[in-house]
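Asks: Got chain A sorted already, so can you dock chain B onto it with the hints?
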Amino acid sequence: MSKHSAINRFGRSGNPAFTKNFNGFIDDLPISDRMTLDGAVNKTGILLATCFGGAFIGWNIPQLMLPAMIIGFILAMITIFRSPSNAGSTAPLYALSQGIFLGAITMFFEQSYPGIGIQAIGLTFGILASLLLCYKTGLIKPTENFRLMIFSATFGILILYLVNFVMSFFFGSSIGFIHSNGLFGIGFSLFVVGIAALNLVLDFDFIEEGAEKGMPKYMEWYGAFSLMVTLVWLYLEILRLLAKIRR
Amino acid sequence: MNTIIFGSIALISLYAFFKLSKLKASSRQLKRNDRINRFDHQPKENIIEGDSEEIKDSDDEK
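One line per chain: the protein sequences are A and B, in this order. The first sequence begins at 1 in this note's numbering and counts up by one. The second sequence begins at 1 in this note's numbering and counts up by one.
Treat the hints with care, since some could be wrong.
Computed beta-carbon distance windows for the label pairs [claimed, not checked]: (1) B:F39 <-> A:F177: 37 to 43 Å; (2) B:K24 <-> A:S85: 55 to 61 Å; (3) A:I159 <-> B:S8: 34 to 40 Å; (4) B:I12 <-> A:G138: 21 to 27 Å.
Computed cross-link-like contacts, BS3-like style, restricted to lysine-lysine with a CA-CA straight-line distance of at most 25 Å [unchecked claim]: (5) B:K19 <-> A:K217; (6) B:K22 <-> A:K136; (7) A:K136 <-> B:K31; (8) A:K136 <-> A:K244; (9) A:K217 <-> B:K22; (10) B:K31 <-> B:K19; (11) B:K56 <-> A:K136; (12) A:K136 <-> B:K24; (13) B:K22 <-> A:K213.
Simulated from the structure, these hints should not be mistaken for laboratory data. C-beta: ideal position from N, C-alpha, C; glycine also.
Just chain A, with the same shape it has in the complex (with noise of 0.2 Å):
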């Protein structure tokens, strides 16, 4: 029962031009062209199985690590940015630059800790697999908190990385810890992987709401690519972390 008695007596207005809102346009698309558990999924192995074929790119012609890794970076700005929906023909090609960077550094990494690579995959489709069980048992719960305590510490590492560039690019010094194997070193990867796998559970939040809600069928390829972008860096923390520990 609302507070206000007008609301009470008359009901809220049904003046479409008062309630037309968001959900009024997704009430307008056909079935078909709605979100899809299945099809996000499918895409998500598209995606997937592009990121295996670029690896192997990488990992035969490692030259293309630098070119892969910036394209990838102005491809994710564009998804995001620019136009979500037309993540189904971005969200691919960042699959395809990505897999060449990630190939590519995993030969670099794999000549000086040999087996480092499969050790790195395993652990990163492990925590997706067993973080997937959690999300959907309800073991962990996005809240509006959690999303923020995720944004935040997610913003940190990333101004922490940009002033690590910084320093480094123009006073040739940098962020110590970062990269030490001491016991601050792994902590703070242990730390980064959490934030990482955590990011996780609020892809698959927006996946299965997305869908629950029946957004339109873009959404699909854009649930899949923020799936990707959280792997990517995970797999990258991973490969950090494994290297600070066997060094």
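Replies: Frame of chain A, contents of chain B only:
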């Protein structure tokens, strides 16, 4: 040995991921009041909230 262990972890996890993802999350997850509300915009009310005075019939007659 390293390849066999971590390779099988990766394959089993990928299989579990593709099987699990197609299932709907449990009601414990979906029927919560504190879920993140990304897409659901609340309709704007056409009643302006705030202090208001009741208009009496006697005011119209003035």
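Asks: All the hints need checking, so say for each whether the structure fits it.
Replies: Here is what the structure says about each hint:
1. B:F39 <-> A:F177: 37 to 43 Å: 40 Å, holds
2. B:K24 <-> A:S85: 55 to 61 Å: 26 Å, violated
3. A:I159 <-> B:S8: 34 to 40 Å: Check passed, 38 Å falls within 34 to 40 Å.
4. B:I12 <-> A:G138: 21 to 27 Å: Since B:I12 and A:G138 have Cβ atoms about 23 Å apart, the given range 21 to 27 Å holds.
5. B:K19 <-> A:K217: 21 Å, holds
6. B:K22 <-> A:K136: 10 Å, holds
7. A:K136 <-> B:K31: 12 Å, holds
8. A:K136 <-> A:K244: 33 Å, violated
9. A:K217 <-> B:K22: Within the cut-off at roughly 16 Å; holds.
10. B:K31 <-> B:K19: 22 Å, holds
11. B:K56 <-> A:K136: 57 Å, violated
12. A:K136 <-> B:K24: 7 Å, holds
13. B:K22 <-> A:K213: 16 Å, holds
Checked against the numbered hints given earlier, this structure breaks hints 2, 8, 11; the rest are met.
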